[in-house]
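Q: Sequence:
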Amino acid sequence: MHYIFEPGFWGSGPVHVALAVGTVIAITSAVVGVFTVTRGQSFAGHSLADIATTGGSGAFLIGVNQFWGFLAFGAGAAAFMEMIGVQRRRGRDVATGVVLGAALGLAALFLYLDTQSSSTTGASFSILFGSIFVLTTSTIPALIASAVLALATVAVLSRVLLLSSLSPDIAAARGVPVRAVGAAYLMALAVSVALSAVIIGAVLSTALLIGPAATALRLARSPVKAVITAAVCGVLAIWIGVVLAYDSYYWPPAGRGWPVSFFVVTLIVGGYLLTGLRRRDRRPAPQENLDPEHACSPA
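Counting from 1, position 112 in the sequence shown corresponds to residue 104 in the numbering used here; the numbering is continuous, with no gaps.
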């Protein structure tokens, strides 16, 4: 086992925190991500991740924990997108693009001010690419509570979310408050993005949200199986990523470990590509070769 886990791995407090919190956040991202992909709102998730950069940099500027900035700006952007958007996909994308452009302009300003007003090194890197090994103990209860809230929201709304994803018109005809359901879901999405931004960064948080979910939807044939598969993929990516990041500290040149976010994203993308190869290998034969009537018909 010492060839896999370097000395001190299991006795490290930051590693214990990273594995525990990372597991909770990976499961949350996987569950929310399945509905994100199903509803065709991957662009919204990506935009909220970029908008989280604005919140994180703004929070650092005023001396507040980055998570609260991620969460506040994500929730605000989600509410604004729902307010100015419509239920049709094109309208949602336009509304998302408008909010994203404004937020990225503020992010550029905040990041510039961060570098000018503080001598702290690595602040921008922490905002953009995460810092799972340096989570403050004071924010861990808030992280767990936010994850539970997002999971509970999606669990309660799961049936109407699926119905409104497949056909908003039918859902509305059956009395489903489509606009309210969409707004509640976007809030859960904003919380999920804020959580993943804490551990792998605002720029890369979309990978943890979309990657395991997209992989699971390629493999599973039901929503429940897709959620379970996505959760397993996300947790494995976090755990293996933490192990590799810890071990990389001892790789040459020793003493310069690689970022966890790199390993997590690489594992997620690799898993998605492998499922694509699997699907290609199992592609059914052309229909004319499978149709007995066609095979028996005269030439």
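Everything labelled a hint here was simulated from the structure, so no lab data went into it. Fair warning: there could be bad hints in the mix.
Each pair of labels, with its calculated beta carbon distance range [said to hold, decoys possible]: (1) Ala12 to Leu265: 51 to 59 Å; (2) Arg248 to Gly167: 54 to 62 Å; (3) Thr107 to Pro245: 36 to 44 Å; (4) Thr30 to Val90: 21 to 29 Å.
Beta carbons are placed, not taken as given, at the ideal position from N, Cα and C, and that holds for glycine.
Q: Hints first: check each against the structure and report whether it holds.
A: Checked hints:
1. Ala12 to Leu265: 51 to 59 Å: Given about 29 Å between the Cβ atoms, the range is violated.
2. Arg248 to Gly167: 54 to 62 Å: At roughly 59 Å between Cβ atoms, Gly167 and Arg248 fall inside 54 to 62 Å, so the hint holds.
3. Thr107 to Pro245: 36 to 44 Å: violated, 27 Å
4. Thr30 to Val90: 21 to 29 Å: holds, 24 Å
Taken one by one, the earlier hints fail for this structure at numbers 1, 3, listed in ascending order.
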